[in-house]
Structures are given as C-alpha cells and as structure tokens.
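Chain by chain, the residues:
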Amino acid sequence: MTVELFRIDDRLIHGQVVVGWGQPLDIGFIVLVDDTVAASDWEQELYRMGVPPEMDVYFHSASDAIAAMPKYLAESRRGILLTGDIATMQRLVDGGVVHNVNIGGIHSKPGRVQRLRYVFLSPDEESQLRALANNGVKVSAQDLPGARDVSLPDLLAGSEL
Amino acid sequence: MSNETSPPTATTAPRAIVAGHGEFAAGLVSAVQQITGRGGQLIPVAVHQLSVEDIEDLLRRRMIENGVRVIFTDLQAGSCTMASRKILRGMDDAVLVAGANLPTLLDFVFSEARPAPEAARHAAERGRAAIVVHGVAATGGSGGGEGR
Chain H
1 MTVELFRIDD RLIHGQVVVG WGQPLDIGFI VLVDDTVAAS DWEQELYRMG
51 VPPEMDVYFH SASDAIAAMP KYLAESRRGI LLTGDIATMQ RLVDGGVVHN
101 VNIGGIHSKP GRVQRLRYVF LSPDEESQLR ALANNGVKVS AQDLPGARDV
151 SLPDLLAGSE L
Chain S
1 MSNETSPPTA TTAPRAIVAG HGEFAAGLVS AVQQITGRGG QLIPVAVHQL
51 SVEDIEDLLR RRMIENGVRV IFTDLQAGSC TMASRKILRG MDDAVLVAGA
101 NLPTLLDFVF SEARPAPEAA RHAAERGRAA IVVHGVAATG GSGGGEGR
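Chains H and S, in that order, give the protein sequences.
Numbered according to our numbering, the first sequence spans residues 1 to 161.
Numbered according to our numbering, the second sequence spans residues 1 to 148.
One chain only, chain H, in its complex shape:
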C-alpha cells in the first residue's frame, strides 16, 4: 500500500475525497499539503472533523511534505495526498516525490476559463500543467473513480465540455 492518488483540489477535504474516493479505495489516511492550513491549528481541526474516525489526516507545508513523503509511501495503508493548487503540487514534483497528478477540482474565479465541468484554468495555470507534463509527470483530470480520466491535451482543448 502507498499513496494512491496525488490530487489537486481547491476544496481540499470534502465529500468527493472522503466518500467518493475514500470508500472504494479503502483510504486510511490523507496527507493535506497546504502552507496556510499547516500554520493554523483551527483549520486543521476543521478538516480533521470532516473525516471518519478511522481515517487519519496529516498536515504539512510544501517544504515539510517532501521530507515526510518516504514515510507515507511506505505506509501499510492506502492514502491520498491533496494540494489546493497547482503551484504546491509543482513543488512536490520538483522534490521528486510525485509522478502522477490527478486534477480533481479547480473552480471558477476571475481570469479562469472553463475547461471541464469541474476545472477552470487561467493561462498561467495551463502553462504550469504543461510544464508538469513536459517534466514526465502524467497529468489528467478525474473527479471520481467512475468518471472518465481526461488527458491533459483533451482537458486543455476543452473537448470534454
């Protein structure tokens, strides 16, 4: 067992993660990588209360997460790693600990264009995703296990809209 999913999702811990992925994959732990949450006890408590008691949640800043990853990759349970944005995932990729990236949800904001029902991207974010792929990382979008795994070229083309 190991970290099964490296997911970018700006809602972080929510129903799709805990129930949608958590139950079919029998997830035992979540690694939440976010500098703001890692610095806030209150936010950590907020997210911890969103998961069932048998599921552990570990919080890290991006820099701490790279050092801690070997421990999670050697876990006997299955886990999910979450970041709230592409830039944080990029830092983990640069640290050599991530090779597959799942885009689970990046929602509407000014300056972003809709590329998929649950993915909206700015031009800068599209460039960041292309850079990840150019570095050999498999990047695709899939909100739930039963949904189609949309490749990065299809995602950026908006052909699944």
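A portion of the hints provided could be inaccurate.
Derived EDC-like pairs (lysine to aspartate or glutamate); straight-line CA-CA distance at most 16 Å [to be verified]:
no., chain 1, residue 1, chain 2, residue 2
1, H, K109, S, D54
2, S, K86, H, D41
3, H, K109, S, E53
4, S, K86, H, E45
5, H, K138, H, D154
6, H, K109, S, E56
7, S, K86, H, D154
No wet-lab data here; the hints were simulated from the structure.
With chain H fixed as given, assemble chain S onto it according to the hints.
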C-alpha cells in the same frame, strides 16, 4: 371552526439556509413545501462549481440578506459544512446542523415558537431519531420485524 381550533398562521419568513451537494437543497425544500406549505422558511443554496472561499462568501451573503442564523448542510465532510464552520467562527449566535434530513427540516419549520437556533438543535435530535431500519434482515435474520 372556532378560534381555539384554528391552526396558527404559518411563518413564511426565511429562518434558515439549506445547502449541499447537487440539488440536495432544492429537493429537500421542495419536499418541505409539498408536505407542509412552509418551505418559505428555508432558503435553498446550490454551490455547483464554486470553491470553498466562494461557497463561504455566498452563504454569508445569504445569511446577511435574510437575517438568518441557522444553516442546514448535507454532509459533515462536505465543502458546504467546511465553509459554514468558517462562517460560524465569527457568529456566536449561529447554528450549523450537518447531516440534515427531511425529518429534521419538517420539525424545524413547525418549531416556530422557538428561536431559530434552538429550533435547529431540537430538529437535529428529531432528525437523528427518525432514521429507522425496517425488515427482518435488519435484526440479523433471527426474527423480529424492526430495528431502530
């Protein structure tokens, strides 16, 4: 019909927000309206394609616009619940009920005599108690007819 037996006039002013995944809120409020005619007490909020920050902004705006201090959500782990808990951090007089169901909301709309936050707490207990499992299999197949 005498005045003693006339039903009290139903409150139609908004008293709470209902928020959740998909069409959860609109569906539940529609059901409350169909059963009681009191759906106007509940403001359904859908949050399709919104980030947690935008959900928080939307729920806060609806609370202020309507002067309500109660939020019902569908799932403890859901983003509406997360956003609501952030809002409630600065509102000591507000109440969030996560995991709300139809019996919860039915009890709430009939608890007009209570302040809305107190009515929400009461309704949460009624909603929890209203979940009943029927059938022989529910008791392990050893007889009986109903588990609770």
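Original post:
Are there hints from earlier that the structure breaks, and if so, what are their numbers?
Top reply: 7
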